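*Asks:* Residues per chain, in single letters:
2 protein chains.
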Amino acid sequence: MSLPHVVIVGGGFGGLFAAKALRRASARVTLVDRHNHHVFQPLLYQVATAGLSPGDIAAPIRWVLRHHDNVRVLLARAEGIALAARRVDLDHGESLSYDYLIVAAGAGSSYFGHDDWEPYAPSLKTLDDALRVRARILVAYERAERTPDPVERERLLTFVLVGGGPTGVEMAGAIAEIARQTLSQEFRSIQTSAARVLLIEAGPTILTSFPEPLRRAARASLARLGVEVRENTLVTRIEDGCVWLGDERLEAGTVLWTAGVAASPLGASLGVPRDRAGRVLVEPDLSVPGHPEAFVIGDMAGLTDENGTQYPGVSQVAMQQAAHAARMIGRAMEDRPRRPFRYKDLGNMATIGRNAAIADLGWLQIAGFPAWLLWLFIHIVWLIGFRNRLTVLVQWAGAYLTYQRSVRLITGTDNKH
Amino acid sequence: MSLPHVVIVGGGFGGLFAAKALRRASARVTLVDRHNHHVFQPLLYQVATAGLSPGDIAAPIRWVLRHHDNVRVLLARAEGIALAARRVDLDHGESLSYDYLIVAAGAGSSYFGHDDWEPYAPSLKTLDDALRVRARILVAYERAERTPDPVERERLLTFVLVGGGPTGVEMAGAIAEIARQTLSQEFRSIQTSAARVLLIEAGPTILTSFPEPLRRAARASLARLGVEVRENTLVTRIEDGCVWLGDERLEAGTVLWTAGVAASPLGASLGVPRDRAGRVLVEPDLSVPGHPEAFVIGDMAGLTDENGTQYPGVSQVAMQQAAHAARMIGRAMEDRPRRPFRYKDLGNMATIGRNAAIADLGWLQIAGFPAWLLWLFIHIVWLIGFRNRLTVLVQWAGAYLTYQRSVRLITGTDNKH
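Protein chains in written order, with numbering that gives the first Met the number 0: chain Y, 0 to 416; chain C, 0 to 416.
Please note that a few of the clues may not be correct.
As the list claims (entries may be wrong) - Sample of chain Y residues at the chain C side, in silico, Cβ under 8 Å:
no., residue
1, H34
2, G54
3, A57
4, W62
5, R65
6, H67
7, L73
8, L74
9, A75
10, L126
11, E141
12, R145
13, D344
14, L345
15, V406
Unchecked claim - Derived, one-sided and incomplete: chain C residues facing chain Y with beta-carbon distance under 8 Å:
no., residue
16, L137
17, Q309
18, V313
19, L345
No lab work stands behind these hints, which were simulated from the structure alone.
Quick caveat: nothing in here was measured; it's all calculated off a predicted structure.
In this text, a Cβ means the ideal position worked out from N, Cα and C, and glycines have one as well.
Working from the sequences, and respecting the hints, build out all of it.
*Replies:* Here you go:
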């Protein structure tokens with residue numbers, strides 16, 4: 000009898016840790032992802048702001064899993080799931096049959112019904128997104144240096160971040176530093192330090208997931224970097240090169256979308272109830288209702304804690320849910336009863352520029368430089384078995400000491416060599 | 000009276016070193032390049048074969064020149080040169096007037112009249128080229144892992160390099176290492192070591208610019224890596240996924256063009272005689288005939304040594320010509336007579352894989368591991384003021400010790416986010 004076949008869709012934190020957790024399972028495992036690499040998402044903004052290279056925060060999935068002899072990795076796009084037939088449909092008309100399924104396809108950006116804004120306000124989910132955003136930021140300065148028109152110059156040197164979550168805050172801090180420090184000596188016609196960086200939040204406060212004292216510290220750090228934070232401000236329209244804040248029209252060469260997320264559309268193909276953000280409403284053990292052999296984890300899983308709050312879309316949740324789903328598959332194979340998922344919250348952090356951060360560890364709340372050192376330490380230690388940990392450290396040390404961001408390359412713009 | 004204006008077209012080795020050499024000149028300098036970065040070309044094949052990140056071998060031109068207060072850097076495409084009007088025409092209808100001009104726009108690939116082959120056999124000149132080639136090589140393995148068809152699998156695992164110069168040899172060695180070592184543990188359905196790597200040379204020998212004993216050593220190193228070298232073999236046709244060697248049709252998933260070069264078409268706009276490769280036939284002092292205020296240097300300059308041999312298209316020639324042109328501009332401003340360009344040949348090297356190389360220093364010819372160590376030393380020292388020298392060293396040390404190539408990322412393939 001052949002071993003049961005576990006199919007994992009997605010090579011993010013959820014999928015990758017599910018595959019790792021199944022290492023000793025008596026099962027064949029197939030992991031499918033449309034990219035060949037796992038991305039260390041918490042540092043994606045560093046690639047978008049030229050602080051790190053793609054290779055510093057990403058690694059080939061099959062390299063990460065090379066010693067997992069029971070895992071096969073396929074570069075393929077999952078296009079649908081047929082729960083009744085226990086089948087995942089891939090691109091090119093292929094498909095995979097499974098005995099157990101873990102769906103961990105993550106989330107994309109939501110433009111809240113304004114998908115036409117996307118070309119003018121790109122978001123940040125993949126490495127290619129980050130490289131495009133990096134090019135856009137750098138090209139804005141290049142164009143400003145070339146133009147003789149002062150109004151156009153001002154427009155080009157205005158950067159707007161729509162959405163005041165951790166990504167928006169981290170991007171705003173990094174973009175402000177690029178303007179004030181990194182580029183300050185390199186241009187002859189423009190004063191890069193005159194660049195405006197605006198962080199727009201529709202709700203009453205940025206960083207909703209943090210306690211107010213830490214939010215105050217973050218606002219102060221952003222102000223020191225010259226970032227204009229506007230809370231309670233609704234973006235009502237985005238066009239090429241400008242954004243409306245309520246009735247106010249703001250000319251801005253670069254607008255970036257760091258607001259809502261929407262779970263992968265793959266969840267729709269399951270044909271079970273989902274929440275407003277497209278998350279699949281799973282059972283307490285993370286399985287799909289009526290299908291104990293199929294699990295949904297990470298950003299795609301709609302599940303609330305004992306207070307009725309949806310678990311946040313962070314890597315910690317995805318990794319813990321991955322481990323839980325793998326355990327439940329082990330129990331299923333042994334006909335043992337299921338257990339509900341329990342989340343152990345290890346804390347929450349965000350950085351603001353190169354020497355401030357906020358950290359909420361529950362038992363400890365810190366801000367400023369100590370929090371930044373903690374952030375640095377955790378992220379370096381945490382770069383899961385990425386052999387390039389040392390190069391990241393060297394890169395960061397260099398960037399820190401010199402104020403430089405060494406990866407300021409505009410690529411992807413050759414039309415034809 | 001305002002200072003004379005020197006315009007430099009191109010930010011490669013020639014243009015960059017011309018700007019540096021003009022540091023103390025009483026002149027305003029404008030350097031124009033269509034990319035924002037200088038690329039360390041001798042290591043471009045390392046990016047194409049996933050050994051280094053783009054950021055390891057490239058740096059923003061304006062960062063390299065940030066302390067050169069008399070230099071302004073513009074991201075722009077030079078579209079033509081009007082010698083009589085002393086004007087460089089840029090994209091977007093702009094133009095620059097000059098008192099002195101240095102044209103250093105380099106060379107692209109020549110398909111010897113078969114430009115229709117380019118989509119099927121891309122070449123390697125820019126960072127974007129290198130990233131595309133990297134993706135193509137890695138995708139070939141991913142497709143081979145997915146396909147159930149053994150014939151298709153064999154086709155996908157066949158890699159052909161057309162052109163046996165240093166780039167072809169270095170690419171062939173690196174691609175063979177990827178197959179035999181880097182990827183050997185990571186695939187489940189294919190034996191990556193079964194991949195075929197062919198190096199095709201139309202002429203009687205690979206590495207024509209090296210003496211025969213070193214070529215023999217290179218052939219032996221390539222044979223050890225399992226590269227099939229075919230000399231005296233003419234490629235007669237290239238289509239999607241196959242290449243004709245004379246009358247022999249060879250199915251190959253990846254064909255890369257490492258053969259001829261053609262000088263930048265910008266030279267044509269000068270309206271002066273050029274050689275068959277499009278190089279501008281310059282005066283012995285590198286100036287354009289009839290225009291002592293305009294110089295052409297590097298891969299664009301058609302100039303022969305005392306034996307009537309064209310100077311090779313290598314960075315050493317470009318850098319020395321850059322210094323010469325800058326000196327001639329200094330002399331012109333002081334009404335002193337011109338001098339002819341003299342080349343000081345410092346030697347010639349090529350690597351084959353991770354522990355063999357050949358080096359011809361004139362007074363010394365070495366091959367094998369000592370030559371590789373010399374190559375490594377020179378290239379690390381030589382990474383002109385790139386602050387990432389240390390990260391490159393760390394990256395290489397890691398790659399050397401583990402046989403890994405850490406930058407095996409397939410990017411640029413997201414259609415839309």
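*Asks:* Against this structure, judge whether each hint is valid.
*Replies:* Each hint, compared with the structure:
1. Interface hint status for H34 of chain Y: upheld, as the beta-carbon distance to the closest one in chain C is roughly 7 Å, under 8 Å.
2. Hint status for G54 of chain Y: holds, given a least beta-carbon distance of 4 Å to chain C, under 8 Å.
3. For A57 of chain Y, the suggested interface contact is upheld, since its CB lies about 6 Å from the closest CB of chain C, less than 8 Å.
4. Nearest Cβ of chain C to the Cβ of W62 of chain Y: about 6 Å, under the 8 Å cut. The hint holds.
5. Against a cut-off of 8 Å between C-beta atoms, the interface hint on R65 of chain Y holds, since the closest Cβ of chain C lies about 5 Å away.
6. Interface restraint check for H67 of chain Y: the shortest CB-CB distance to chain C comes to about 10 Å, outside 8 Å, so the restraint is violated.
7. About 6 Å separates the beta-carbon of L73 of chain Y from the nearest beta-carbon of chain C, less than 8 Å, and the hint is met.
8. Proximity of L74 of chain Y to chain C holds as hinted, the smallest CB-CB distance being about 4 Å (cut-off 8 Å).
9. Nearest Cβ of chain C to the Cβ of A75 of chain Y: about 7 Å, under the 8 Å cut. The hint holds.
10. Using the Cβ-Cβ criterion of 8 Å, the hint placing L126 of chain Y at the interface with chain C is satisfied: the shortest such distance is roughly 5 Å.
11. Hint status for E141 of chain Y: holds, given a least beta-carbon distance of 4 Å to chain C, under 8 Å.
12. Taken as an interface hint, R145 of chain Y checks out: its beta carbon lies about 6 Å from the nearest beta carbon of chain C, inside 8 Å.
13. Here the hint on D344 of chain Y is broken, as its CB sits about 30 Å from the closest CB of chain C, past 8 Å.
14. At its closest, the beta carbon of L345 of chain Y sits 28 Å from a beta carbon of chain C; the interface hint therefore is violated under the 8 Å criterion.
15. With a least beta-carbon distance of about 4 Å to chain C, the hint placing V406 of chain Y at the interface is held under the 8 Å criterion.
16. For the restraint placing L137 of chain C at the interface with chain Y, the shortest Cβ-Cβ distance is roughly 6 Å, inside the 8 Å limit, so the hint holds.
17. At its closest, the beta carbon of Q309 of chain C sits 24 Å from a beta carbon of chain Y; the interface hint therefore is violated under the 8 Å criterion.
18. Against a cut-off of 8 Å between C-beta atoms, the interface hint on V313 of chain C is violated, since the closest Cβ of chain Y lies about 20 Å away.
19. For L345 of chain C, the shortest C-beta to C-beta distance to chain Y is roughly 28 Å, which exceeds 8 Å, and the interface hint is violated.
Violated hints for the displayed structure, listed by number in ascending order: 6, 13, 14, 17, 18 and 19.
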